[in-house]
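Taken in sequence, the protein lines are chains A and B.
The first sequence maps to residues 1 to 324 in our numbering.
The second sequence maps to residues 1 to 511 in our numbering.
Careful, some of the hints might be misleading.
Said to hold, decoys possible - With a cut-off of at most 27 Å between alpha-carbon atoms, the simulated BS3-like pairs for lysine-lysine come out as follows:
1) B/Lys-317 x B/Lys-208
2) B/Lys-284 x B/Lys-238
3) B/Lys-368 x A/Lys-217
4) B/Lys-284 x B/Lys-420
5) B/Lys-488 x A/Lys-217
6) A/Lys-123 x A/Lys-217
Since the hints were made in silico from the structure, they are not lab data.
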Amino acid sequence: MAEVAVTRPRHAFKFGLASGNAGVYIAFVVLLIALGFAAPRFFTVGNLTDVLRQAVPIAVIAFGATFVIGMRGIDLSVGSTLALTGLVTANLLVLGYPVPVACLAGLALGAFIGAINGVLITKIGITDFIATMAIMVVSRGVVMVYTQGIPITGASDPAFRMIGQSYLAGVPVPVVLTVIVFAAAFYLLYYTRFGRFVLSIGSNPDAARLVGIPTDKVKIAVYVLAGVLSAFAGIMLTSRLESAMPEAGQGYELDVIAAVVIGGTGLSGGRATLFGTVVGAVLMAVVRNGLNLLNVNTFWHQVVIGTIILVAVAADRFNRSRKM
Amino acid sequence: MANNPLLEMKGIGKRFGNMVALQGIDLALSGGEVLGLVGENGAGKSTLMKILAGAYSRDGGTIAVRGMEVELDSPKAGADAGIAIIYQELSLFPDFNAAENIFAGRELRRSGFSLAPLSHGQMRREARRLLSEELGVEVAIDRPVRELSLSDRQMIEIAKALNSNADIIIMDEPTEALEEVERKQLFAIIKRLQAAGKAIIYVSHRIKELLGICSRVMVLRDGRTAADLPVADLDVDKVVAAMIGGALSKQFPPRVPPRSDPSVEVRGLSRAGAFDDISFSLAKGEIFGIAGLEGSGKSALLRALFGQRAYERGTVKVEGKDVQLTDITDAIRERFAFLPAERKVEGIFPEHSVGWNLSIGNLGVLGKITLRPSKEKEVAASYISKLGVKCEGPQAEISSLSGGNQQKVMLARWLLTQPKVLLLEEPTRGVDVRAKSEVYALVQAAAQDGCTVIVVSADNAELLGLCHRVAVMFEGKITTVVDAATSKEETLALHSVRPPEILHPVGGING
């Protein structure tokens, strides 16, 4: 008991930084050092930039998912939302619409899909898992119908390309944007009423209702947030590729949940660590990159990632039961 | 049941980290004995019982059942030794029926083969026999237990214990959620079990009740035995003194008369199937109690006033102004506050700190847009000291607090909203003796500040001690309103179970 108390950060909003999964932070550092030795190419500027760039879409979506999971919800539709919004943005650009219009349309569509999720869950009463799974399948279907499985290319407006391809003081712009989104999400989750409402609903939905939290509205807003962030990731991806791939974001929902959970946000809701989510997303990108550098067959990647998820969750369980 | 005691625990000790939870506890129990076990929260009652049930390991001491030393290192070992525990939070499977629950884990099969089909008919017959013959109660056998009343479920728990051939039955606060009639029924069953030679350990905060039902009372204080005496040598004051290690000042604060200005006026409030034509008017600073059985509509009425499930007809006025209470946000806007009975289920946010739990009802005090951690600490610290919450400070986890202190935080949460009307549902359930009187004092302080308080409780003594007036509800209607200072518990109990022969005209209700 005593040692737990000492390691506990002493500020009021302690779920912000350090309450995540300390074991994961340690594992992360160990992994970095090990990779440094095993694959000398790992610690090169070019490679690290690649790693971050790969982590970006998962991280941005995972910020939204941290709200969703902190609220004891789940959102499986994020990958399809990414594809559909990326598609719409690309298509509008190809049709000659200005960049801001195309991007805002993509974001608005993301918000709309999120709102549908939220309304299905709160007003119709469908469980989050089923509702978002259905929306995932429907959105992907719309993408396939529209593209007939063929990528939409030619989204190469120079201004648009800047979002995904340019650098700011040597740092890729998507990474800069991700940091900005992180800061905004951090503020929203830990320093506003909305964030408290989200975590209260995740902690005890009945009690949340009884203290006057408009739980349905908050839930819908959280799914809208998740949709908007998926769309944002979709736009960044489309910009990087200058095209919209019909299969973009496939399987992201699981990577995103993995990032959140590895980071230390439990699926039981009530607590959420955005900082942990960043570590989770980067850790997964590092593992994938490391396995590539070490020439491990890609089929093994899934085995490794799955094992990491198990170890992270088991470590968290262990910590928690020891505290009791 | 010869000379050998059925159960003998010697020198039991238990530590959690550096904290000594139990030290040198001796406990002997013979068949046919009912032992009352009391102590403040944290005194070690639950720990001792969990050791006995095999749920906790002990650090020292021996346990013998029927003269044979036993290890009790798992719940199964406890059950095998003939010890059954009926926990406060009942542990039945809500979707199973009574028979399935009674035989859960020891299902009867048509043959010894482990995959043989279950013998449902036989289990049902045996369940019925246990309930109606051994316990003498009528409980629906075929319905999922989630549809049954709390007291029925408790009967099923007891039947389950009997079915496992337990000789030692531990009941952990069995009456806390029961109504008067159900309580009487439970006492009758305890007598039956006693006559059948079972030994019963009865854990409760209700000392008066305990003295009526037990043959001996053991008091724990700070993990040690503070007293272990036959009831004949005890009374409520002596038990309380042993519990807290000194005499307790009066449990209820002296009454302060309400002010003359009106606050809440309820006229003809009705909701089909819940409550019917409820009218009363209350003054500022008045504490108004509502007694009645479970299902009498008292909680439904209280929750309707908080907009949780709105009333269908009738009007509510606050300070002379008509208010609509169609949902919770309405009620909160009109500065109603509501403390639910099930603190764990509907009150606390278990993952969060005291400060978080305290401020969540009125985050505006932490800042208009940006919530400031320093402000949270400051607000929480001031309420912690004002309400005497025992905790490590605003950052302490709410779940590390005792029930009574959690309840004070819940009260603080609402006091922070400066309520005009405070609705309390079972405000001291699961709260120990000392914290109870502190909660009463806080409620009264709120009333003295001009808040109107409505209290729903199954504890009639509490209603009479705390309130100015007490209404009794029966089948959705208020049947009488009494002056608390001059009324007796029996009066409330009597009106709770049967309608008055002649309904008083409305004037009586307005008191």
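For each hint, the structure was consulted:
{"no.": "1", "hint": "B/Lys-317 x B/Lys-208", "result": "violated (40 Å)"}
{"no.": "2", "hint": "B/Lys-284 x B/Lys-238", "result": "violated (38 Å)"}
{"no.": "3", "hint": "B/Lys-368 x A/Lys-217", "result": "holds (20 Å)"}
{"no.": "4", "hint": "B/Lys-284 x B/Lys-420", "result": "holds (8 Å)"}
{"no.": "5", "hint": "B/Lys-488 x A/Lys-217", "result": "violated (48 Å)"}
{"no.": "6", "hint": "A/Lys-123 x A/Lys-217", "result": "holds (10 Å)"}
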